[in-house]
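Which chain is which? The protein sequence lines are L and C, in order. Mapping the first sequence onto numbering that gives the first Met the number 0, position 295 (from 1) lands on 294, and the numbers just tick up by one. Mapping the second sequence onto numbering that gives the first Met the number 0, position 304 (from 1) lands on 303, and the numbers just tick up by one.
What the hints contain is simulated information worked out from the structure, not anything from laboratory work. Where a beta carbon is used, it is the ideal one built from N, C-alpha and C, also for glycine. One thing to keep in mind: the hints can contain errors.
Stated by the list, open to error - For each label pair, taking beta carbons as the anchor points, the in silico distance ranges come out as:
1) C:A65 / L:I312: 37 to 45 Å
2) C:N23 / L:E218: 27 to 35 Å
3) L:Q295 / C:Y69: 52 to 60 Å
Unchecked claim - Just a few of them, taken from the derived set where beta-carbon distance is under 8 Å, the chain C residues facing chain L:
4) W62
5) E193
6) A256
7) R269
8) W278
9) F281
Protein chains: 2
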Amino acid sequence: MPTEIPNYSRPNRNRRVILARRPNGIPQPADFALDDTEMPAVAEGEFLVRNIYLSVDPAQRGWASAEANYSAPVPLGGPMRGLAVGVVVQSRCAEVAEGEFLYGWFGWQDYAAVGLAAIIQRATAAVKLSAYAGLLGINGLTAYLGLTKLGRPQPGERVLVSTAAGSVGSLVGQVARNLGAMPIGLAGDDDKVEACTERYGYAAAYNYKTADWDAALAEGPPLDVYFDNVGGPILDCALRRMAPGGRIVQCGTASTASWTPPPTGPRNEREIMTRRLVWSGFVVFDHVADFAAASQALVDWLDGDRLTFDEDIAPGIEHAPGAIKALYDGENRGKKLIFIG
Amino acid sequence: MPTEIPNYSRPNRNRRVILARRPNGIPQPADFALDDTEMPAVAEGEFLVRNIYLSVDPAQRGWASAEANYSAPVPLGGPMRGLAVGVVVQSRCAEVAEGEFLYGWFGWQDYAAVGLAAIIQRATAAVKLSAYAGLLGINGLTAYLGLTKLGRPQPGERVLVSTAAGSVGSLVGQVARNLGAMPIGLAGDDDKVEACTERYGYAAAYNYKTADWDAALAEGPPLDVYFDNVGGPILDCALRRMAPGGRIVQCGTASTASWTPPPTGPRNEREIMTRRLVWSGFVVFDHVADFAAASQALVDWLDGDRLTFDEDIAPGIEHAPGAIKALYDGENRGKKLIFIG
Numbered sequence: 000m001p002t003e004i005p006n007y008s009r010p011n012r013n014r015r016v017i018l019a020r021r022p023n024g025i026p027q028p029a030d031f032a033l034d035d036t037e038m039p040a041v042a043e044g045e046f047l048v049r050n051i052y053l054s055v056d057p058a059q060r061g062w063a064s065a066e067a068n069y070s071a072p073v074p075l076g077g078p079m080r081g082l083a084v085g086v087v088v089q090s091r092c093a094e095v096a097e098g099e100f101l102y103g104w105f106g107w108q109d110y111a112a113v114g115l116a117a118i119i120q121r122a123t124a125a126v127k128l129s130a131y132a133g134l135l136g137i138n139g140l141t142a143y144l145g146l147t148k149l150g151r152p153q154p155g156e157r158v159l160v161s162t163a164a165g166s167v168g169s170l171v172g173q174v175a176r177n178l179g180a181m182p183i184g185l186a187g188d189d190d191k192v193e194a195c196t197e198r199y200g201y202a203a204a205y206n207y208k209t210a211d212w213d214a215a216l217a218e219g220p221p222l223d224v225y226f227d228n229v230g231g232p233i234l235d236c237a238l239r240r241m242a243p244g245g246r247i248v249q250c251g252t253a254s255t256a257s258w259t260p261p262p263t264g265p266r267n268e269r270e271i272m273t274r275r276l277v278w279s280g281f282v283v284f285d286h287v288a289d290f291a292a293a294s295q296a297l298v299d300w301l302d303g304d305r306l307t308f309d310e311d312i313a314p315g316i317e318h319a320p321g322a323i324k325a326l327y328d329g330e331n332r333g334k335k336l337i338f339i340g
Numbered sequence: 000m001p002t003e004i005p006n007y008s009r010p011n012r013n014r015r016v017i018l019a020r021r022p023n024g025i026p027q028p029a030d031f032a033l034d035d036t037e038m039p040a041v042a043e044g045e046f047l048v049r050n051i052y053l054s055v056d057p058a059q060r061g062w063a064s065a066e067a068n069y070s071a072p073v074p075l076g077g078p079m080r081g082l083a084v085g086v087v088v089q090s091r092c093a094e095v096a097e098g099e100f101l102y103g104w105f106g107w108q109d110y111a112a113v114g115l116a117a118i119i120q121r122a123t124a125a126v127k128l129s130a131y132a133g134l135l136g137i138n139g140l141t142a143y144l145g146l147t148k149l150g151r152p153q154p155g156e157r158v159l160v161s162t163a164a165g166s167v168g169s170l171v172g173q174v175a176r177n178l179g180a181m182p183i184g185l186a187g188d189d190d191k192v193e194a195c196t197e198r199y200g201y202a203a204a205y206n207y208k209t210a211d212w213d214a215a216l217a218e219g220p221p222l223d224v225y226f227d228n229v230g231g232p233i234l235d236c237a238l239r240r241m242a243p244g245g246r247i248v249q250c251g252t253a254s255t256a257s258w259t260p261p262p263t264g265p266r267n268e269r270e271i272m273t274r275r276l277v278w279s280g281f282v283v284f285d286h287v288a289d290f291a292a293a294s295q296a297l298v299d300w301l302d303g304d305r306l307t308f309d310e311d312i313a314p315g316i317e318h319a320p321g322a323i324k325a326l327y328d329g330e331n332r333g334k335k336l337i338f339i340g
């Protein structure tokens with residue numbers, strides 16, 4: 000069992016963060032509304048989760064978008080799709096016990112009546128509860144599996160990471176370092192740049208808004224891996240700094256505010272061909288079979304003081320509507336969570 | 000020994016196709032000049048090859064370019080870098096016998112004094128001599144290795160191929176077909192489209208200049224593999240028809256006339272990410288260790304009447320200066336060779 004069990008009281012109603020309007024690009028506070036409904040009914044085979052931490056994830060932008068994606072768009076008028084850590088308060092499912100702490104698809108709301116398919120991880124006392132929504136949530140799993148399965152850094156190789164101080168990037172850097180590679184970070188302000196080198200094990204880091212990082216990279220050996228969370232002009236530059244046979248992991252496209260209309264950029268196919276790059280798209284949910292092994296590796300490093308994971312926790316569900324925009328604005332310091340316990 | 004030994008006479012001079020001017024984009028006839036020099040001297044460890052077939056390859060555009068590539072630009076004033084099939088007329092190298100027929104880096108000229116590193120394949124009587132500059136040259140090796148190692152089509156999968164009737168594309172289609180996949184071809188005129196379905200085993204083929212191939216593809220299942228020889232707008236469309244986990248093999252960028260200044264196009268990183276594509280660059284010379292196995296597979300299919308390879312042979316070295324442009328203009332019907340034997 001987790002070591003922290005929050006103490007809270009709450010009216011017997013289900014507060015929800017509703018997607019009120021289809022966002023164009025990054026979801027804005029006004030795209031959401033808060034409402035308050037009856038408690039959800041629990042069908043046979045389901046269980047009722049009371050959420051404690053709502054996870055704020057860059058991927059929610061894609062989930063809320065009307066554009067083609069790897070999942071159907073979040074319906075308007077329903078609770079925002081989101082991951083959360085919660086406790087089971089009622090169960091009609093033999094495989095789930097009341098009192099269990101779970102991480103999964105519980106939505107941005109107080110309560111969710113869901114089935115087994117909604118569970119991503121079951122929490123244990125190995126780490127604090129909030130970590131299941133970050134270090135051992137999709138952020139840590141993405142960093143570990145995206146880098147090890149698609150980036151495949153070898154000892155001594157140079158690994159560039161964008162959003163290097165973020166919830167995914169800060170772990171990509173540390174995973175790379177723990178594997179013997181040399182991570183180089185790009186971040187959007189000087190505090191984050193400092194965190195990269197002081198806290199997250201980066202060999203070097205640059206403020207991409209103010210430093211000529213491309214010139215700095217050009218002075219060193221070429222890049223073997225680029226773990227890309229942003230796309231756009233930074234990607235275009237990084238491609239042209241890759242070594243032959245380099246791997247690009249496309250994990251996010253945060254730098255592009257809207258895909259409607261489709262933005263343009265320099266054609267990159269010649270770089271891919273002449274440098275023999277391998278440019279792969281990563282979505283963590285393709286790798287469910289590897290979650291347990293990845294979690295164990297992360298916990299082992301955490302226990303061995305080889306991993307730091309920062310959290311930025313806002314108290315109260317009223318912080319949810321503005322949270323995705325704040326994330327894209329780079330305001331968070333560590334994994335953004337909403338504590339509603 | 001090959002079954003055909005050409006009968007020829009030639010003055011004891013070395014005619015050469017010189018790169019006279021640095022091309023911008025596709026090399027034009029005026030970028031070349033013909034000259035005539037002393038016979039090259041053969042140093043210890045070298046051997047003298049008299050060329051019989053000069054190979055005309057799309058890759059020569061890149062070799063002649065001043066831009067960064069996988070090889071240094073061809074020096075101005077020297078013979079154009081090119082592959083050829085020739086016969087050894089003098090040897091000061093223990094591993095090479097006079098009378099041997101070889102395929103390799105012998106340049107666009109009558110004679111080359113070279114060392115072992117210049118050899119790509121040694122010809123045998125298994126197939127006719129010209130095939131070593133095409134089917135068993137970089138074209139066939141590229142088709143076989145690019146498709147099997149990077150495209151990895153599974154039985155029943157849909158494989159789109161651009162320049163589908165070309166020296167590489169016509170083989171990609173047939174390799175895909177022989178592996179049980181369903182090749183779909185794009186070609187630039189109706190004769191080539193007909194050759195795709197009538198000669199090269201394509202399940203379907205479209206004239207990309209006149210047919211709404213994108214709409215036709217949209218009616219069927221998505222694509223699992225795109226073997227791309229052209230880049231540009233066709234690539235942009237194809238990416239948006241890929242199945243999740245689809246593989247793109249970037250083998251050429253023939254549709255872009257010049258990379259100076261860099262052309263622009265729609266940003267593709269979101270497609271890569273959301274569809275979890277794997278987009279890889281292919282250069283055949285990375286795969287030398289696999290040439291023997293690939294050649295054997297191609298010869299087996301040829302012997303089993305499961306492979307057709309067409310050649311378009313121009314007689315006389317005077318055809319060389321215009322040959323690369325003609326190739327990019329789509330004028331050839333099958334593998335373009337210059338017979339100078």
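Holds or violated: is there a CB of chain L closer than 8 Å to the CB of C:E193?
Not OK, violated: C:E193 not within 8 Å of chain L, min 28 Å.
Can you verify the interface hint for C:R269: is its Cβ closer than 8 Å to any Cβ in chain L?
5 Å, holds
Starting from the hint 37 to 45 Å, judge whether the C-beta atoms of C:A65 and L:I312 obey it.
Because 55 Å falls outside the window, the suggested range is violated.
Identify whether the interface hint at C:F281 stands, where standing means a beta carbon of chain L within less than 8 Å of its own.
7 Å, holds
Quick check on the hint: C:A256 CB to chain L CB, less than 8 Å?
Violated. Min distance 12 Å.
Range first: 27 to 35 Å. Now tell me if the beta carbons of C:N23 and L:E218 are that far apart.
29 Å, holds
For the hint 52 to 60 Å, verify it against the beta carbon of L:Q295 and that of C:Y69.
41 Å, violated
Less than 8 Å between beta-carbons is the criterion; does C:W62 satisfy it with respect to chain L?
Violated. Min distance 11 Å.
For the restraint on C:W278, tell me whether the closest CB of chain L is nearer than 8 Å.
Cβ of C:W278 sits 4 Å from chain L, so the hint holds.
Violated hints for the displayed structure, listed by number in ascending order: 1, 3, 4, 5 and 6.
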